[in-house]
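**Q** Between the sequences and the hints, there should be enough to build the whole structure, so can you do that?
There are 2 protein chains.
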Amino acid sequence: MSDRLEAQFAFLNEADRLKSVLRATTLVDGSRPENSGEHSWHLALYALVLADQAGPGVSIDRVIRMLLIHDLVEIDVGDVPIHSQNGTAHASDETQAAEAKAADRIFGLLPADLASSLRALWEEFEVSQTPDALFAKSLDRVQPVMANLMSDGGTWVTYNVTHDQLESRVGVKIAKGAPGLWDWVRERTLNWFQR
Amino acid sequence: MSDRLEAQFAFLNEADRLKSVLRATTLVDGSRPENSGEHSWHLALYALVLADQAGPGVSIDRVIRMLLIHDLVEIDVGDVPIHSQNGTAHASDETQAAEAKAADRIFGLLPADLASSLRALWEEFEVSQTPDALFAKSLDRVQPVMANLMSDGGTWVTYNVTHDQLESRVGVKIAKGAPGLWDWVRERTLNWFQR
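Quick mapping for you: the protein sequence lines, in order, are chains A and B. According to this note's numbering, the first sequence is numbered sequentially starting from 1. According to this note's numbering, the second sequence is numbered sequentially starting from 1.
Read the hints as simulated data drawn from the structure, not as lab findings.
Which copy? The list can't say, so a pair holds if one copy fits it or any two copies do.
The list that follows gives simulated cross-link-like pairs (lysine to any residue, SDA-like), each with its CA atoms no further than 20 Å apart:
{"id": "1", "residue 1": "K173", "residue 2": "Q96"}
{"id": "2", "residue 1": "K176", "residue 2": "L5"}
{"id": "3", "residue 1": "K173", "residue 2": "L190"}
{"id": "4", "residue 1": "K173", "residue 2": "L5"}
{"id": "5", "residue 1": "K173", "residue 2": "R186"}
{"id": "6", "residue 1": "K101", "residue 2": "D79"}
**A** This is the structure:
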C-alpha cells in the first residue's frame with residue numbers, strides 16, 4: 001500500500017508541471033497564454049456541459065477521463081500549436097515518437113495497473129477512432145476556436161490563418177465528432193472572418 | 001438548439017475566468033501561486049489516480065464531475081485560504097451567502113436542466129454529507145498539503161501553522177473521506193514539522 005501511494009503521488013506531483021506548459025491560445029480575456037493544465041480542466045468542463053452534442057455510444061465519463069490526461073505528454077514535449085504546422089494539422093513522426101516516449105515515462109511513474117489503463121486511454125485519444133476519442137478531439141479543437149472568437153482572433157491573427165485553413169485544419173475534426181457543434185460555431189467563425 | 005448552445009457557451013466562456021482566480025498555495029515547484037482552474041484539473045486527476053482510496057459507495061465519475069465545478073463560485077467570491085480563517089477552517093456565514101449567490105448567477109447561465117443538476121452537485125459538495133462529497137473534500141484538502149510538502153512548507157510558513165493546527169483544520173477532513181490517505185500523508189507532514 002505504502003509503495004503504491006508513493007507511486008501515485010510521484011505521478012500526481014509530476015503532473016503538476018503541466019501547469020507550466022504554455023499554449024499559443026490565450027485566456028478568453030486575452031490577458032495571457034493559457035497553460036495546458038487549466039486547458040485540460042476547461043475541456044473536461046466542456047464535455048460535462050456539451051454532453052448532448054455527443055453521438056450515440058459516447059460515454060461522457062470516459063471522455064472526461066481522457067481529456068484530463070490527454071496533454072500530460074506535453075510536460076516533456078511541449079505544446080505544438082495547430083496553425084504553426086505548415087497547414088498539415090498533423091504531428092510529425094518525430095513529435096509522435098517523442099510523445100510516445102513521454103507517455104512511457106510519465107504514465108510509467110504510476111503503479112502498473114494504473115500505468116497501463118491510463119496509457120491505453122491516452123493512446124485511444126491519440127489514435128482517434130472510437131466514438132469517445134472522436135468526441136474528445138472535437139472538444140479539444142473547438143475550445144481554442146471559442147477563445148479566439150472571444151479575444152479578437154487570437155492565434156488566427158498570430159499565424160495569419162484564413163477561414164478555409166481553419167475549416168480544413170480544425171473544422172473538419174470538430175465536425176467528425178460533433179457535427180452539430182461545428183455547424184453552430186462555423187456561423188460565428190464565418191462572421192468573424194468576414195468582419 | 002441554437003439558444004441552448006448560446007447558454008452553454010455563455011457558461012463555458014464565463015468559467016474561463018476561474019483561471020484568473022489565485023490561491024494561497026503555489027505550484028509544486030514553488031514558482032507561482034496556483035490558480036483555481038488548474039487546481040480543479042489537478043484535483044480531478046487526484047480522483048482518477050487515488051480512486052482506490054475511496055470508501056464503499058463512492059462513484060469516482062461523480063466525484064470528478066463535482067471537483068470540476070466545485071470552485072466556480074470563486075469567480076465572484078475569490079479563494080479563502082484555509083489557514084487564513086483564524087483557525088476555524090469554516091467559511092463565515094457571509095462567505096457562504098456570497099457563494100450561494102455566485103452559484104445562482106454562474107450556474108444560472110446554463111440551460112435550466114444543466115443549471116439545476118450542476119448547482120445541486122455543487123451544493124452536495126458544499127454540504128459534504130454524501131460519500132462522494134466526503135471523498136471529494138478529502139482530495140481538495142490533501143492536494144495543498146502535498147504542494148506544501150513539495151515546496152518547503154508553502155502556506156504553513158506564510159500563515160505560521162503548527163502541526164496540531166494542520167491536523168484540526170485539514171487532517172480531520174482528509175481522514176473523514178479517505179482515512180488511509182491521511183495516515184500515509186500524516187507520517188510525511190509530521191516529519192516535515194519535526195525537521
